[in-house]
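Given chain A, work out where chain B should sit, using these hints.
Those protein sequence lines, which keep their order, are chains A and B. Count along the first sequence from 1, add 122, and you get the number used in my numbering. Count along the second sequence from 1, add 3, and you get the number used in my numbering.
These are computed hints drawn from the structure, not numbers from a lab. Small disclaimer: the values here were computed from a predicted structure and weren't measured. There's no promise every hint is true.
[To be verified] Which residues of chain A face chain B? A partial, calculated answer using Cβ under 10 Å: (1) L158; (2) V187; (3) Y220; (4) G234; (5) A243; (6) K244; (7) V288; (8) V289; (9) A290; (10) K321; (11) L324; (12) R328; (13) L330; (14) K360.
[Unchecked claim] With a Cα cut of at most 25 Å, we get these calculated SDA-like pairs of lysine to any residue: (15) K204/A x V149/A; (16) K321/A x Q365/A; (17) K329/A x G64/B; (18) K211/A x S48/B; (19) K250/A x G268/A; (20) K329/A x K81/B; (21) K244/A x N308/A; (22) K79/B x G342/A.
For every residue, glycine included, the Cβ atom is placed at its ideal position computed from N, Cα and C.
Spelled out, the chains give:
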Amino acid sequence: MAEVVSVMTEPPAGGRARAARTTLGQVVLPGEELLLPEQEDEGGPGSAGERPLRLNAEARSRVRVVCGPGLRRCGDRLLVTKCGRLRHKEPGSGGGVYWVDSQQKRYVPVKGDHVIGIVTAKSGDIFKVDVGGSEPASLSYLAFEGATKRNRPNVQVGDLIYGQFVVANKDMEPEMVCIDSCGRANGMGVIGQDGLLFKVTLGLIRKLLAPDCEIIQEVGKLYPLEIVFGMNGRVWVKAKTIQQTLILANILEACEHMTADQRKQIFSRLAES
Amino acid sequence: MQRGLDSETKKQLEEEEKKIISDEHWYLDLPELKEKESFIIEEQSFSLCEDLLYGRMSFRGFNPEVEKLMLLMNAKNKAEEAEDETVELDVSDEEMARRYETLVGTIGKKYARKRDRANYEEDENGDIKQIKTKKMFLKPQD
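Bound conformation, chain A alone (with noise of 0.2 Å):
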């Protein structure tokens, strides 16, 4: 977050699209469009002359692309809607995946994402959870394990829930569930007692959650504790005294403006002391 962004020289042409391929990893602009590797022939000014041979019959059936976050379908071409820089994966079926790489501290909510809720109110046979979206999610109390009509989930009005949606789209109410597909809880469910829920921004949270993320190998060699992260830009940290909960949430909302170095003179004050 702390990098030096190359800073585009050129003005940014009005609906001039350029290739996906090429913009990889820059900065990219809500309007702009991006082509798709396999429009580069057809659409660049080098091949008006010649159009390479294609021998397969089959030229024209392309590969899957999915566009991620960030970015729309817009024809044949992917339109930016988020600030931010063009990732890129290559996953093994298909052709590869497409996504902006941007900052919000604003949640919408996206199905499959678990997130942290909390209850706000009890009517019947659901709870309406706040996830931070435009409106309460429900959740109603047969989505947990081992939960029947007679045998209730013990959830009370303020308690925190770690959650995933099933439904969550612009038209709809969003929906959660406590369990997954099989019936299982996996570590959803009612967020025990004690500890400190606070918010951070998304992007943050990805960072944080990343496979190969430095501070979480740190903090986690501090001492003994329990953090869980919602995709809604709410952490839930706990350990055995109120001063480490504290330092531990102070640390994690920190981070997020630190370079390497400040962090670790910060983790090796903290391990002396």
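Relative to the frame of chain A, chain B by itself:
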């Protein structure tokens, strides 16, 4: 008084209906809409793009259940990527063969008659092995 229509009037009505409603009636006069097959799929979830770890974490034994879950869920993610992993056996092949060898002796002894039990003897390790071959019917050569 007759209720209902005559067969004649029925036929006339049917013909009139047919004239008005022909096969073309059911098709709109619009140009054919070509459904464009798009090869671009839109997904709004970050879980497809980046391999994120499981959201619950526990360190230094604070919550043993969560630590077990961490191992399970993070291993599951990696296992999905590397699909050509061989299945690990709980019992190795050699051990299986050894056990089976001794098993045959003990089960065999159970079904042997009193006279045949003398054929079985206990080995040094306590494994029951057959020493003499069972008396089977020998077919005469000629």
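Hints, one by one, checked against the model:
1. Because the smallest distance between the Cβ of L158/A and any Cβ of chain B comes to about 8 Å, under 10 Å, the interface hint for this residue holds.
2. Satisfaction of the interface hint for V187/A is found here, the shortest Cβ-Cβ separation to chain B being roughly 5 Å, below the 10 Å cut-off.
3. A least Cβ separation of about 9 Å between Y220/A and chain B falls short of the 10 Å threshold, and the interface hint therefore holds.
4. The interface hint given for G234/A is met, as the beta carbon of that residue sits about 5 Å from the closest beta carbon of chain B, less than 10 Å.
5. Checking A243/A against chain B: minimum C-beta separation of about 25 Å lies over 10 Å; hint violated.
6. The interface hint given for K244/A is broken, as the beta carbon of that residue sits about 24 Å from the closest beta carbon of chain B, more than 10 Å.
7. This hint is violated: V288/A has a C-beta 13 Å from the nearest C-beta of chain B, more than the 10 Å allowed.
8. Interface hint status for V289/A: violated, as the beta-carbon distance to the closest one in chain B is roughly 13 Å, over 10 Å.
9. For the restraint placing A290/A at the interface with chain B, the shortest Cβ-Cβ distance is roughly 9 Å, inside the 10 Å limit, so the hint holds.
10. Checking K321/A against chain B: minimum C-beta separation of about 15 Å lies over 10 Å; hint violated.
11. For L324/A, the suggested interface contact is upheld, since its CB lies about 9 Å from the closest CB of chain B, less than 10 Å.
12. Checking R328/A against chain B: minimum C-beta separation of about 6 Å stays under 10 Å; hint holds.
13. Checking L330/A against chain B by beta carbon gives a least distance of about 9 Å; that is within 10 Å, so the hint holds.
14. Hint on K360/A holds. Least Cβ distance to chain B is approximately 8 Å, under the 10 Å limit.
15. The suggested pairing of K204/A with V149/A holds, with an alpha-carbon distance near 10 Å, which does not exceed 25 Å.
16. At roughly 19 Å between alpha-carbon atoms, K321/A and Q365/A fall within 25 Å of each other, so this suggested pair holds.
17. A hinted pair counts as satisfied when its Cα atoms are at most 25 Å apart, and K329/A with G64/B qualifies at roughly 24 Å.
18. This hinted pair checks out: K211/A and S48/B have alpha carbons roughly 14 Å apart, not beyond 25 Å.
19. With a C-alpha separation of about 20 Å, the suggested pairing of K250/A with G268/A holds against the 25 Å cut-off.
20. About 19 Å separates the Cα atoms of K329/A and K81/B, which keeps this hinted pair within 25 Å; it holds.
21. A hinted pair counts as satisfied when its Cα atoms are at most 25 Å apart, and K244/A with N308/A qualifies at roughly 24 Å.
22. Between K79/B and G342/A the CA atoms are separated by roughly 22 Å; this keeps the pair inside 25 Å, and the hint holds.
In summary, the structure is inconsistent with hints 5, 6, 7, 8, 10 from the numbered list given earlier, while agreeing with the others.
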